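So the protein sequences, as listed, match chains A, B, C, D, E and F. Note that the first sequence covers residues 1 to 455 in the working numbering. Note that the second sequence covers residues 456 to 910 in the working numbering. Note that the third sequence covers residues 911 to 1365 in the working numbering. Note that the fourth sequence covers residues 1366 to 1477 in the working numbering. Note that the fifth sequence covers residues 1478 to 1589 in the working numbering. Note that the sixth sequence covers residues 1590 to 1701 in the working numbering.
Heads up, a few of these hints could be off.
Said to hold, decoys possible - Taking lysine-lysine and the BS3-like style, the derived pairs with C-alpha atoms no more than 27 Å apart in a straight line are:
| # | chain 1 | residue 1 | chain 2 | residue 2 |
| --- | --- | --- | --- | --- |
| 1 | C | K1132 | A | K435 |
| 2 | A | K219 | D | K1437 |
| 3 | A | K291 | B | K873 |
| 4 | C | K1199 | E | K1529 |
| 5 | A | K289 | B | K744 |
| 6 | D | K1431 | E | K1552 |
| 7 | C | K1332 | C | K1129 |
| 8 | F | K1592 | E | K1517 |
| 9 | C | K1332 | C | K1345 |
| 10 | A | K35 | B | K490 |
| 11 | C | K1345 | F | K1629 |
| 12 | D | K1437 | D | K1368 |
| 13 | F | K1592 | C | K1132 |
| 14 | F | K1655 | D | K1387 |
| 15 | B | K680 | B | K744 |
Bear in mind the hints are in silico, worked out from the structure with no lab data behind them. If you're wondering where the values come from, they're calculated on a predicted model, not measured in any experiment.
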Amino acid sequence: MFRKITAFLAIFAVTIGMACLAFAQDPSGAETLAKNPNSPVDYVWILVCGFLVFFMQAGFAMVEAGFCRAKNATNLMAKNTIDFVMASLIFMAFGFALMMGNDYRGLIGTSGWFLHGENYDVGRYLMFFWQLVFAGTAATIVSGAVAERLKFKAYFLYSILVTAVIYPIYGHWVWGGGWLSKLPFGAGHVDFAGSGVVHTIGGFVGLAGALVLGPRFGKFDKDRKPRAIPGHSITLAALGTFILWFGWFGFNPGSTFSAHQLRIAVVAVNTNLAAAAGAAVAILLVYLKTKKWDVGMMLNGCLAGLVAVTAPCAWIEAWAAVAIGAVAGAIVVVGVYFWENRGVDDPVGAVSVHGLNGVWGLISVGIFADGTYGLGSTSEPFVKGLLYGGGYSQLIAQLIGAAVCVSWAFALGFIGFKLMDKFFGIRVSPQEELKGLDIPEHGTPAYPNFYTYSN
Amino acid sequence: MFRKITAFLAIFAVTIGMACLAFAQDPSGAETLAKNPNSPVDYVWILVCGFLVFFMQAGFAMVEAGFCRAKNATNLMAKNTIDFVMASLIFMAFGFALMMGNDYRGLIGTSGWFLHGENYDVGRYLMFFWQLVFAGTAATIVSGAVAERLKFKAYFLYSILVTAVIYPIYGHWVWGGGWLSKLPFGAGHVDFAGSGVVHTIGGFVGLAGALVLGPRFGKFDKDRKPRAIPGHSITLAALGTFILWFGWFGFNPGSTFSAHQLRIAVVAVNTNLAAAAGAAVAILLVYLKTKKWDVGMMLNGCLAGLVAVTAPCAWIEAWAAVAIGAVAGAIVVVGVYFWENRGVDDPVGAVSVHGLNGVWGLISVGIFADGTYGLGSTSEPFVKGLLYGGGYSQLIAQLIGAAVCVSWAFALGFIGFKLMDKFFGIRVSPQEELKGLDIPEHGTPAYPNFYTYSN
Amino acid sequence: MFRKITAFLAIFAVTIGMACLAFAQDPSGAETLAKNPNSPVDYVWILVCGFLVFFMQAGFAMVEAGFCRAKNATNLMAKNTIDFVMASLIFMAFGFALMMGNDYRGLIGTSGWFLHGENYDVGRYLMFFWQLVFAGTAATIVSGAVAERLKFKAYFLYSILVTAVIYPIYGHWVWGGGWLSKLPFGAGHVDFAGSGVVHTIGGFVGLAGALVLGPRFGKFDKDRKPRAIPGHSITLAALGTFILWFGWFGFNPGSTFSAHQLRIAVVAVNTNLAAAAGAAVAILLVYLKTKKWDVGMMLNGCLAGLVAVTAPCAWIEAWAAVAIGAVAGAIVVVGVYFWENRGVDDPVGAVSVHGLNGVWGLISVGIFADGTYGLGSTSEPFVKGLLYGGGYSQLIAQLIGAAVCVSWAFALGFIGFKLMDKFFGIRVSPQEELKGLDIPEHGTPAYPNFYTYSN
Amino acid sequence: MKKIEAVVRVEKLEELTEALDKFGYPGMMVTHIEGHGRQKGLTEQFRGREYKVNFLPKIKIEIVVKDADADKLVKAITGIARTGEIGDGKIFIYPVEDTVRIRTGEKGDGAI
Amino acid sequence: MKKIEAVVRVEKLEELTEALDKFGYPGMMVTHIEGHGRQKGLTEQFRGREYKVNFLPKIKIEIVVKDADADKLVKAITGIARTGEIGDGKIFIYPVEDTVRIRTGEKGDGAI
Amino acid sequence: MKKIEAVVRVEKLEELTEALDKFGYPGMMVTHIEGHGRQKGLTEQFRGREYKVNFLPKIKIEIVVKDADADKLVKAITGIARTGEIGDGKIFIYPVEDTVRIRTGEKGDGAI
Ligand SMILES: Nc1ncnc2c1ncn2[C@@H]1O[C@H](COP(=O)(O)OP(=O)(O)O)[C@@H](O)[C@H]1O
Ligand SMILES: Nc1ncnc2c1ncn2[C@@H]1O[C@H](COP(=O)(O)OP(=O)(O)O)[C@@H](O)[C@H]1O
Ligand SMILES: Nc1ncnc2c1ncn2[C@@H]1O[C@H](COP(=O)(O)OP(=O)(O)O)[C@@H](O)[C@H]1O
């Protein structure tokens, strides 16, 4: 075993060692501070918000585990950890360069591999950290849609694919100075904190995975009627939702990438109101249908509101945030039934929460943007939507971006999962699925001291 | 169903749409920044602390679930989520205006409904966000005292009552420039971070609820002797306590509402010391009585210390924080026995933790305030208590405020719950209570994969 | 009982009351702000990071509970709470003075007892808060190594010993201007955020405890072969790991103790990369051995990477962080097997995660420090290691420090536990251990509503 | 010797135990089982979708008694466990060949 | 009257319940037990160390039936529960002296 | 055929399984039950208030054996499960009419 280790490390050192040769820019931060004595508060803001975004990893892990069965909890913990682990390493090596490196014809970035050379700079590292936690979020969304049947190995490879290719390239188009940001409509395609870049991408890659995998054993009865498969812990699901809501306060307000944009206060308020409206509408709609106060759907509704407001949060006012969140709450309810009735099995509702509402979020910018705020700045060009006399141009830019986002995510996701399936089969065996993935894949039951049902 | 949705949203848009007509002040923050170039650090401080306060919602959810039975865990998650959801919507519509709007005769605020018009301003949104997370905390405290027997519907309406009326009006009296803040004693009635405004209010509304409901089935035996009903997860209860302790570092230090008040360092230290002293005293007292190291009571003691130090935290020094916390730890132990022996059933100890110690916190200001710090400012008037030569005047102001707070919260809480009880009965049926509220109210058992006892 | 309380409090007041006599420096912060108008952002940064470090307490509690059995979960919650409770009180009374008071011959600090007199100053309180949360972390590490068999009483006393003596004195040597920081090699012995001061100390005191206690009943079979004792909740273990990872973003970047050190961005990135590399290597190594994706070891690997990068995080670049983390991942895997094969029972792997990797972290500074950054400052002296032409001198300083740290922690820990064992026996009875500590020690089962196995 | 096996509603356990104690039969084995019978199962729901649960939690009490005491105990249990609603449960009586008290090695009625 | 006690694989429960319903025997007691027999236990692992688990989760179904119905039910259960792999389980048949329906007090075959 | 039903202390399970394996009786059903008997229950406490728990976790082991082997197995179990303290438990012996091995359909002693 030891030989293996040393070998492994040797390679590492060599590969990456190259890095430290090239010369660096401002690694200590002295010059940057001299140039801009007010930067500390921006660094503090961005880092703290970034920490909150990182913490969303815990939120996703808890929500997904809570909404799935005890016999797959270990597997979900493994997947929700490994995706951020691989995201960190892969995005540092390739993703960041593809997304934020020097633009090549609006298609990809081409510099900053392994954060080496002139990227050894406090400003670049700061931007890397911020973009990384977002990449990690996009990656982890998928684990919910493919839960309880996807092999760990396949998920391992998938997380490399997403953070090395799918996410950074699309991200470049919108945030890296790529072609979508330069669309000749409105202010170009805009996505303030990533309803599209992060959530639509995650949601539709998830849809692709769910389709390639097919539904879980027992999700549909003989005559294709969907059956509920209750999750094993509502407390964990609720805890996870609170953690995500908390983390979203880093996700959206932090996306100003500057504390000198006092608009952060408006962003925080809008983020919160959309979450509340989404939760309220979702629980009320299900109540009208079943006369029960459905907690699971309320939690989904809350997340739906957060996803939807992510794109518009900086360009709208409070009442619009409520409206956007309310629609999101309705979309997630309808969406969950919609997919199930079409034989698509999405154990935690990731496709409806992140996929559909990511799209709604992008569109809502074209409707509700009120023209009081610009592109992460208080000056022109301002983003203006239909209801505020902005006409259709911004809406068009948003629709184009949404279409591209959905197609890109679904297509690459589908190809990726299909290829893996061809090579080694991405789904566990029926017996393993029946027994749960924890023991066959990991050897470790999640709750060995508890008497559990495995159905 | 869809017609319903559209209708619902239409109304929404209309009602709130009115908002966007009136003209706005500084929605982008450009002017504010120009006027005060140092404001970014204050915005960062207030928002980050506000996020921490929001996160306390998760803490309350976990503590209450942990201290109650598995068969009611879903219901507790539902209540702990819906209260913040409704708080967000209602406080935005009415509460904020009543609390922080232009003062009318020291009784209520009268402007800022729906955050509209000139409230579309970064500064106002910032203040709204801060006040909202506090309102949400006051609301969520009650769920513990009425746990395991209150109908979800009743709780839903209750959370509207608290965040639209009970909390904001009292809040106006103390923090909105209302009459209590202008009492002709000491510096007027002062409550730095809300031992009274948030915790005493929550605690005594909770007491009212517990009284109207009556004790849980099985809490007292035939001859009225109290029986312990152990909570279903000490790990969740401890996790929740840590989350609350963590969130309190936003709650108290953030209440300077400015990072330029370096006193925040003192506030943080005092907050922590009081929590520690409360926990230490509580576990030691119970140990003297039962010779067991009682974790549940230690967690309550920790929260008791935090509640108590919330009012004085900015006006005292370290040793006083320890003393205040120690007394709080004793109060919570005695309080828990006191209520139980009088036939009051408070499943998680909310009345003792928040109600009694909220009062103690208000009083302690009149005793320990050392005159080194003012009203959120480093200049006159300074707050001085008995032990530091301030005489009785501040103490009197505190006692008056405490009396008003208790009466207001208990009276309106009692009326509110009584009225609802008259109309539709706020308590679930005995069978439902026996089986647990999760399935009859929500349809969703919290732990379907686990073998649980329903006793 | 009440007489007891009053007595208790009287003593308190008197002892500490002394404090408030002496005159204070700048309790309101007015002068400090006047002297340095840019300090608010530093205060915000340090406090927020300190809050995150505090939150690590919850992380440790969850990881340890998750990795141990349900029948000891209450006990672990009790220990993980009481250690921070006692740390807060004891460190305020004695520890802080010993560590950060005026230096006496490079051995101990000698001023600031009870934070009294001139310590009633915003700057001193700020430093106290920061040092306290670190002391609390060192203390809580040990509970994992001695889990499932150490009496609560013994742990109670132990936490006093660690925070009053072991931690602060060694801390003084490195961070309080003591002799280790003045070693005539390299920049003296350096430990940026405490791989040694916090983690090696905690890890080796833990080793001492584990040795004095001996292994848990059933950990080794008749012929001394180690047996696995699976933990009761992988979800809690994973949640705890995410919380720790999150908290570490306060732990390391905050250790600049200033937001004007923009290097914080580099520190954050390095911290994250080491965690990822550690997790990746750990899970891959175990996979090579058992063909299972071992989640428990991945979580340990992640923490190992974090511990290791804690000392070097400010002096290295990204690729080095990956290398250091990767080695840490290997060390923890080898370490866990190593101790077990030698009959040492460390239920959660604390000795390998914190002890061994703390040492590796100290050493790695002497190897990977790249000379771009100084001692919490952007100016000379810079820290330079072997690979960057710094020669062996820094490495020597690190080796000396590591040796001292290990010896000090192990020796005092061993003596402390041995003495307690002599006096009252630190291990619970075999029957209590078999039944689990929750009921005999605390009276409270952690999961009374669940059907659990007690094996 | 006979074994009395009673399947009853969860909420009846406490009362039954007390009654049996009085009859001088403290000894019993209690098992949490899932029952299926005439009684309808519950309808639960998860994320908006309803599903039926066909098993209901029941308590199974087993007591080994002297032949002589069987009838009066059966009566006693029936009396306490009855609510008249479907789902009250059943009592089954089985023959027992022998009983051993592990602690002492005693056999026969004396060991019960 | 006889009691049929069947130890079967967890995944067979649903199918068996439906079948017994058809046979007019809705009534049954289901217990989650741990089985030990010819079938090998599982190897699990925790933090890098493997360990054997000697017990496997099994379902125990108990039904009290009229003498006449015993055989056909045993056949039915055997048919459904069989996979041919080690670990299919066993069926045990015991004599039952009497049955009481608590709700009505009925005794004998009528109470089943 | 007889069924041996032993109620024993939780901590005795491992040892008993090994012993029975040796005797050529690997097959058994293990149920986690709650026992009530002479042995006092525990006093627990929650948030400062004590309460009594009248049931103690016990292990119920059921083995169906050939008539011939019953006695020696009972002796073996008694020997291992005994501590001499109240709470050691009991062994009950019941008649069994038949056994079926589901996997093969075999009946009678051969199926055990
Ligand atoms: N024939 C049977 N064999 C075993 N258990 C039975 C039988 N009939 C009923 N039971 C048990 O008795 C419980 C109550 O029976 P049920 O038919 O629901 O109500 P009732 O006894 O009032 O008719 C069932 O849940 C089941 O566990
Ligand atoms: N003699 C027995 N007494 C009680 N239960 C038994 C006996 N033999 C087998 N069993 C039960 O039947 C289950 C299956 O038996 P096993 O030997 O594993 O497979 P098979 O029945 O196919 O030979 C075991 O898990 C055990 O619970
Ligand atoms: N008559 C009985 N019927 C069924 N189970 C019994 C009977 N008597 C005792 N038991 C079981 O045996 C266990 C031990 O019995 P107990 O009286 O506590 O100790 P001992 O057997 O040493 O006298 C009890 O917990 C109970 O489960």
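Query raised in the report: Can the restraint linking K1437/D and K1368/D be considered satisfied, given a maximum Cα separation of 27 Å?
Result: holds (13 Å)
Query raised in the report: Under the criterion that the straight-line Cα-Cα distance not exceed 27 Å, is the pair K219/A, K1437/D satisfied?
Result: violated (50 Å)
Query raised in the report: Does the alpha-carbon distance linking K1655/F and K1387/D stay inside the 27 Å limit?
Result: Outside the cut-off at roughly 38 Å; violated.
Query raised in the report: Are the Cα atoms of K1345/C and K1629/F separated by 27 Å or less?
Result: Roughly 15 Å between the alpha carbons, so the hint for K1345/C and K1629/F holds.
Query raised in the report: Within a Cα-Cα threshold of 27 Å, do K1132/C and K435/A meet the stated pairing?
Result: Distance of about 32 Å is beyond 27 Å: violated.
Query raised in the report: Within a Cα-Cα threshold of 27 Å, do K1332/C and K1129/C meet the stated pairing?
Result: Holds. K1332/C to K1129/C sits at ~24 Å (cutoff 27 Å).
**Report entry** Proposed proximity, K1529/E with K1199/C (alpha carbon, max 27 Å)
**Finding:** Distance ~17 Å between K1199/C and K1529/E Cα, so the pair holds.
Query raised in the report: Straight-line Cα separation of K680/B and K744/B no greater than 27 Å?
Result: holds (18 Å)
Report task. Please work out if K1332/C and K1345/C have their alpha carbons no farther apart than 27 Å. Result -> Measuring from Cα to Cα gives roughly 24 Å; hence the hint holds.
Query - Proposed proximity, K490/B with K35/A (alpha carbon, max 27 Å) - result: holds (22 Å)
Requested in this report: Sort out whether K1552/E lies within 27 Å of K1431/D, counting only the CA atoms.
Outcome: violated (35 Å)
Report task. Mind checking the alpha carbons of K1592/F and K1517/E for me, to see if they're no more than 27 Å apart? Result -> Given that 27 Å is the threshold and the Cα spacing comes to 23 Å, the pair holds.
Checked against the numbered hints given earlier, this structure breaks hints 1, 2, 5, 6, 13, 14; the rest are met.
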